[in-house]
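Chemist: One-letter residues, chain by chain:
There are 2 protein chains.
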Amino acid sequence: MPHRRSAFFVSDRTGITAEAMGSTLLTQFEQEFKRETIPYVDTVEKAEEVVATIRERAGSDHHRPLLFTSIVDPAIRAVFKVDCALSIDFFETFIGQIENELGQKPSLLVGKTHGLVNEERYDYRMAAVNFSLDHDDGVKLKDLEEADVILVGVSRSGKTPTCLYLALQYGIKAANYPLTPEELDCPTLPKMLLPFRQKIFGLTIDPQRLHNIRTERRRDSRYASMDNCRYEVNEAESMFRQHGIPFISTTHKSIEEISTTIMLKAGLTRRF
Amino acid sequence: MPHRRSAFFVSDRTGITAEAMGSTLLTQFEQEFKRETIPYVDTVEKAEEVVATIRERAGSDHHRPLLFTSIVDPAIRAVFKVDCALSIDFFETFIGQIENELGQKPSLLVGKTHGLVNEERYDYRMAAVNFSLDHDDGVKLKDLEEADVILVGVSRSGKTPTCLYLALQYGIKAANYPLTPEELDCPTLPKMLLPFRQKIFGLTIDPQRLHNIRTERRRDSRYASMDNCRYEVNEAESMFRQHGIPFISTTHKSIEEISTTIMLKAGLTRRF
Chain A
1 MPHRRSAFFV SDRTGITAEA MGSTLLTQFE QEFKRETIPY VDTVEKAEEV VATIRERAGS
61 DHHRPLLFTS IVDPAIRAVF KVDCALSIDF FETFIGQIEN ELGQKPSLLV GKTHGLVNEE
121 RYDYRMAAVN FSLDHDDGVK LKDLEEADVI LVGVSRSGKT PTCLYLALQY GIKAANYPLT
181 PEELDCPTLP KMLLPFRQKI FGLTIDPQRL HNIRTERRRD SRYASMDNCR YEVNEAESMF
241 RQHGIPFIST THKSIEEIST TIMLKAGLTR RF
Chain B
1 MPHRRSAFFV SDRTGITAEA MGSTLLTQFE QEFKRETIPY VDTVEKAEEV VATIRERAGS
61 DHHRPLLFTS IVDPAIRAVF KVDCALSIDF FETFIGQIEN ELGQKPSLLV GKTHGLVNEE
121 RYDYRMAAVN FSLDHDDGVK LKDLEEADVI LVGVSRSGKT PTCLYLALQY GIKAANYPLT
181 PEELDCPTLP KMLLPFRQKI FGLTIDPQRL HNIRTERRRD SRYASMDNCR YEVNEAESMF
241 RQHGIPFIST THKSIEEIST TIMLKAGLTR RF
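Heads up: the protein sequence lines correspond to chains A and B, in order.
Take the first sequence: its position 221, counting from 1, is numbered 221 in full-length UniProt numbering, and each next residue is one higher.
Take the second sequence: its position 227, counting from 1, is numbered 227 in full-length UniProt numbering, and each next residue is one higher.
Source of the hints: derived by calculation from the structure; they are not laboratory data.
Don't take every hint at face value.
If chains are identical, the list can't say which one is meant, so a pair holds when it fits in one copy or spans any two.
[What the hints assert, rightly or not] Only pairs whose alpha carbons sit at most 25 Å apart, straight line, appear in this in silico DSS-like list of lysine-lysine:
no., residue 1, residue 2
1, Lys-46, Lys-265
2, Lys-81, Lys-34
3, Lys-105, Lys-34
4, Lys-34, Lys-265
5, Lys-34, Lys-142
6, Lys-191, Lys-105
7, Lys-142, Lys-81
8, Lys-140, Lys-105
9, Lys-142, Lys-105
10, Lys-140, Lys-191
11, Lys-34, Lys-46
12, Lys-46, Lys-140
13, Lys-199, Lys-265
14, Lys-199, Lys-142
15, Lys-191, Lys-142
Predicted model only: the values in this text are computed from it and were never measured.
Working from the sequences, and respecting the hints, build out all of it.
Modeler: Structural data, given as structure tokens:
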């Protein structure tokens with residue numbers, strides 16, 4: 001196909017919801033789209049500019065673009081009722097049903113979803129991010145006590161990005177406990193972890209994938225060698241099994257999947 | 001009102017889309033909801049368990065719960081067609097329209113949105129996270145060259161969480177350049193930044209809010225004092241203005257808003 005179809009995600013605020021919604025639908029269709037997110041479309045004038053862009057694109061693509069909107073103000077939404085695109089209007093579709101159910105009018109105030117709702121929530125999130133950054137290198141007993149969950153695994157098994165994601169998205173304080181080669185040689189749980197068994201979660205990874213990741217960092221090192229990766233992963237997994245520690249493989253999972261799985265299995269709930 | 005209404009976000013995968021969608025709609029109504037996200041509902045049996053929970057809740061709440069679902073498999077979706085909740089079925093509502101427009105059947109494969117689409121994408125994201133972590137403390141010339149964007153601001157103006165969010169969500173390499181007291185005393189742009197003017201973005205913050213944040217970290221210090229915070233913010237802002245550097249205030253913004261605003265104004269696009 002010479003011309004890919006365009007998909008626009010248009011929002012009066014960040015565009016995060018419009019993008020999440022549109023992407024979820026588009027992944028169901030096996031073709032590539034030219035994707036464009038247009039945030040902060042909060043006036044009729046800006047909306048008219050966007051429509052002009054979409055109309056142009058319809059011509060050059062030889063396909064009607066798909067248009068996903070998440071816009072609160074009905075006057076701005078009305079601008080996007082056009083024939084030059086397939087317009088999926090998220091608010092218009094659902095808000096009426098909820099209004100009827102609740103017997104309450106929507107406030108029509110823009111930007112509450114990803115806005116700074118209150119300082120307390122912001123502070124929670126920051127405290128969790130700082131927690132995860134401050135303790136990325138060496139873990140202290142105090143950190144383990146304060147943590148909501150302690151992620152344990154070999155170096156480069158995915159602990160750091162998962163800790164950061166849990167902090168940013170859910171305000172969860174996740175401690176990062178890397179298993180050292182010495183600890184892996186020994187079948188017992190590291191002594192420091194013993195009092196916190198109930199909040200430990202293990203991460204594991206396919207040895208081949210670990211080898212590839214570590215090779216990127218330190219080519220031709222013992223650390224990155226296939227033999228050593230196989231050994232470390234094997235020892236870590238038997239430690240988890242022996243001590244009944246829940247664990248998941250990060251190999252074929254995104255950070256979102258790893259994080260939401262940990263939230264579910266460790267019974268954690270968002271802090272804000 | 002003695003009983004709050006419940007809102008359930010149910011998904012066959014992470015629940016991130018169902019939550020984003022549902023929350024966006026609910027913020028339009030001025031009441032508190034008991035929110036619950038139930039991810040990985042990927043069999044009819046699990047769906048039936050969830051419906052049992054919802055039915056129970058309908059009884060104890062004395063209100064019909066709101067139910068937001070994002071589920072690909074029509075057989076599982078069918079389980080949620082119940083009278084005990086207001087059921088907002090995101091897939092069912094929109095997938096048909098897109099199918100007609102594209103003249104293509106949906107794949108009905110689960111979990112492509114927040115799944116690990118390919119290793120290349122994962123590696124992009126990791127590279128950006130590592131970039132932001134490796135350079136959080138001191139910035140080197142090489143880092144500034146490699147960066148997609150350089151965030152400049154006084155200590156605790158919001159640079160670190162923004163860098164991490166840009167890395168995790170968009171694969172953007174954002175360097176973190178803290179303005180030191182010495183640099184603030186001098187009206188010129190720090191020498192190291194001169195070659196990179198076109199990729200600098202400034203963050204500023206209300207002095208009172210900065211004072212509060214810094215006081216949390218170092219109470220009664222000169223660093224946290226109201227006078228010093230006022231001085232630093234003032235100097236930073238005049239540096240930005242004098243050198244035509246775009247900047248935004250982080251005071252009343254969430255990390256999502258700060259990040260998407262920078263993406264938009266700096267003309268950045270996601271790397272995956």
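Chemist: If a hint holds in the structure, say so; if it doesn't, say that too.
Modeler: Going down the list of hints, with the structure as the test:
1. Lys-46 x Lys-265: between (45 Å within a copy, 15 Å between copies)
2. Lys-81 x Lys-34: So Lys-81 and Lys-34 pass the 25 Å test inside one copy only (21 Å; across, 35 Å).
3. Lys-105 x Lys-34: Answer is between; shortest inter-copy Cα gap is 19 Å, intra-copy 37 Å.
4. Lys-34 x Lys-265: between (37 Å within a copy, 20 Å between copies)
5. Lys-34 x Lys-142: neither (49 Å within a copy, 33 Å between copies)
6. Lys-191 x Lys-105: Neither: 57 Å inside a copy, 55 Å across copies.
7. Lys-142 x Lys-81: Classified as neither; 57 Å inside a copy, 49 Å across copies.
8. Lys-140 x Lys-105: Neither: 51 Å inside a copy, 54 Å across copies.
9. Lys-142 x Lys-105: Neither, since 48 Å and 54 Å both go past 25 Å.
10. Lys-140 x Lys-191: within (12 Å within a copy, 39 Å between copies)
11. Lys-34 x Lys-46: Classified as within: same-chain Cα gap 21 Å, cross-chain 36 Å, threshold 25 Å.
12. Lys-46 x Lys-140: For Lys-46 and Lys-140, neither the intra-copy (52 Å) nor the inter-copy (40 Å) Cα distance is at most 25 Å.
13. Lys-199 x Lys-265: within (11 Å within a copy, 42 Å between copies)
14. Lys-199 x Lys-142: Within. Shortest intra-copy distance 14 Å satisfies the 25 Å Cα cut-off; inter-copy 40 Å does not.
15. Lys-191 x Lys-142: Answer is within; shortest intra-copy Cα gap is 14 Å, inter-copy 41 Å.
Of the numbered hints listed earlier, those contradicted by the structure are 5, 6, 7, 8, 9, 12.
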